[in-house]
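J.: Those protein sequence lines, which keep their order, are chains A and B.
If you count the first sequence from 1, position 64 lands on 64 in this note's numbering, and the numbers rise without skipping.
If you count the second sequence from 1, position 27 lands on 27 in this note's numbering, and the numbers rise without skipping.
Treat the hints as calculated values from the structure; they're not laboratory data.
A portion of the hints provided could be inaccurate.
[As the list claims (entries may be wrong)] Below are the PhoX-like pairs computed for lysine-lysine, each with C-alpha atoms no more than 25 angstroms apart in a straight line:
(1) A:Lys53 to A:Lys105
(2) A:Lys3 to B:Lys42
(3) B:Lys79 to B:Lys63
(4) B:Lys59 to A:Lys3
(5) B:Lys42 to A:Lys105
(6) B:Lys57 to A:Lys70
(7) B:Lys79 to B:Lys59
(8) B:Lys42 to B:Lys69
(9) A:Lys53 to A:Lys71
(10) B:Lys57 to A:Lys105
(11) A:Lys105 to B:Lys69
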Amino acid sequence: DVKVTQSSRYLVKRTGEKVFLECVQDMDHENMFWYRQDPGLGLRLIYFSYDVKMKEKGDIPEGYSVSREKKERFSLILESASTNQTSMYLCASSFHRGRIEGGEKLFFGSGTQLSVL
Amino acid sequence: EDQVTQSPEALRLQEGESSSLNCSYTVSGLRGLFWYRQDPGKGPEFLFTLYSAGEEKEKERLKATLTKKESFLHITAPKPEDSATYLCAASNTGNQFYFGTGTSLTVIP
Numbered sequence: 001d002v003k004v005t006q007s008s009r010y011l012v013k014r015t016g017e018k019v020f021l022e023c024v025q026d027m028d029h030e031n032m033f034w035y036r037q038d039p040g041l042g043l044r045l046i047y048f049s050y051d052v053k054m055k056e057k058g059d060i061p062e063g064y065s066v067s068r069e070k071k072e073r074f075s076l077i078l079e080s081a082s083t084n085q086t087s088m089y090l091c092a093s094s095f096h097r098g099r100i101e102g103g104e105k106l107f108f109g110s111g112t113q114l115s116v117l
Numbered sequence: 001e002d003q004v005t006q007s008p009e010a011l012r013l014q015e016g017e018s019s020s021l022n023c024s025y026t027v028s029g030l031r032g033l034f035w036y037r038q039d040p041g042k043g044p045e046f047l048f049t050l051y052s053a054g055e056e057k058e059k060e061r062l063k064a065t066l067t068k069k070e071s072f073l074h075i076t077a078p079k080p081e082d083s084a085t086y087l088c089a090a091s092n093t094g095n096q097f098y099f100g101t102g103t104s105l106t107v108i109p
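Generate coordinates for the entire structure from the input sequences, incorporating the hints supplied.
T.: This is the structure in C-alpha cells:
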C-alpha cells in the first residue's frame, strides 16, 4: 500500500515561530501537494510539486514556502506562524499524469493539526 | 468557474436506512471524479474513481455513480462504522483538483 507519512499529528507553536511540516511518500510518486483544511472551506491547495526542486503556487500560498530536495520528501514551511494559520494540514501524492498504473488519485497522509497561539 | 458542490452538508441515518449523497460538478475537461472517506482527525482515504458518465463502482455497502453533471454515493443498509465525512473531488485536464466541502454522515444504531 502507498504510504504518505506526515511527521507530526499535532503541533502547537507560538506566533512568529518558523514551522516545518514534513511529508514523505514511499511510492516513487512524482507529484506532491500540500493542502490545508478548515471547517466549511474544504481543502485548499497551498503548494504543489511535479518534480524534484520544482514547486508551483496553489490557491493560497501567502505565508508559506516549500522545499523538495528529494523525490520522496516535500516540506511545508511557515516562515512566521500566525494565528490564522491554525488548521489541519494535509500532504498528498500521486503518479504523474499519463502513468497507467494508479491513475491520478491523490494519496493523503494522516494530517497535522497545527495550532498557533 | 470550476467547482464542486456537495449536498447535504450533514446526514443522519438510522442503521439500515439507505440513502444517497450528491456531488454536483462544473469542471471543464473532467478527467476523473473521486470519492474519499475522512474520519475525524485523519486524512482522506480513497474510495472510488469514476472517469465517464454512466460508470458505476461498488465497494461493500457503497456504490458510486456518475452522470455528466453529478455523482452520487449510494449507501445501502449503513452501519454505525460508516459514519464519517465523505468528500468528492474532480480533476480536469490540467491536473487540477477541485474538492467539495463534504457530507458528514452519522449512522445511529
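J.: For the pair supplied as a hint, A:Lys105 and B:Lys69, confirm whether the alpha-carbon distance does not exceed 25 angstroms.
T.: holds (20 angstroms)
J.: Given the hinted pair B:Lys57 and A:Lys105, is their alpha-carbon gap at most 25 angstroms?
T.: At roughly 15 angstroms apart (the allowed maximum being 25 angstroms), A:Lys105 and B:Lys57 satisfy the hint.
J.: Is the hinted pair B:Lys42 and A:Lys105 satisfied, with a Cα-Cα distance of at most 25 angstroms?
T.: Satisfied, since the Cα-Cα distance of roughly 18 angstroms is no more than 25 angstroms.
J.: Could you grab the alpha-carbon distance between A:Lys3 and B:Lys42 and see if it respects the 25 angstroms cut-off?
T.: Distance of about 14 angstroms is within 25 angstroms: holds.
J.: Measure nothing beyond the straight line between the CA atoms of A:Lys53 and A:Lys71; if it is 25 angstroms or shorter, mark the hint as holding.
T.: holds (9 angstroms)
J.: For the pair supplied as a hint, A:Lys53 and A:Lys105, confirm whether the alpha-carbon distance does not exceed 25 angstroms.
T.: At roughly 22 angstroms apart (the allowed maximum being 25 angstroms), A:Lys105 and A:Lys53 satisfy the hint.
J.: What's the verdict on B:Lys79 and B:Lys59, does the C-alpha distance respect the 25 angstroms limit or exceed it?
T.: holds (14 angstroms)
J.: Does B:Lys69 sit within 25 angstroms of B:Lys42, going by the straight-line distance between their CA atoms?
T.: Outside the cut-off at roughly 29 angstroms; violated.
J.: Regarding the pair B:Lys59 and A:Lys3, is the alpha-carbon distance no greater than 25 angstroms?
T.: holds (21 angstroms)
J.: Holds or violated: B:Lys57 and A:Lys70, Cα atoms, limit 25 angstroms.
T.: violated (36 angstroms)
J.: B:Lys79 and B:Lys63 were given as a pair; does the straight-line alpha-carbon distance stay at or below 25 angstroms?
T.: Distance of about 15 angstroms is within 25 angstroms: holds.
Hint compliance for this structure: hints 6, 8 are not met, and every other hint is.
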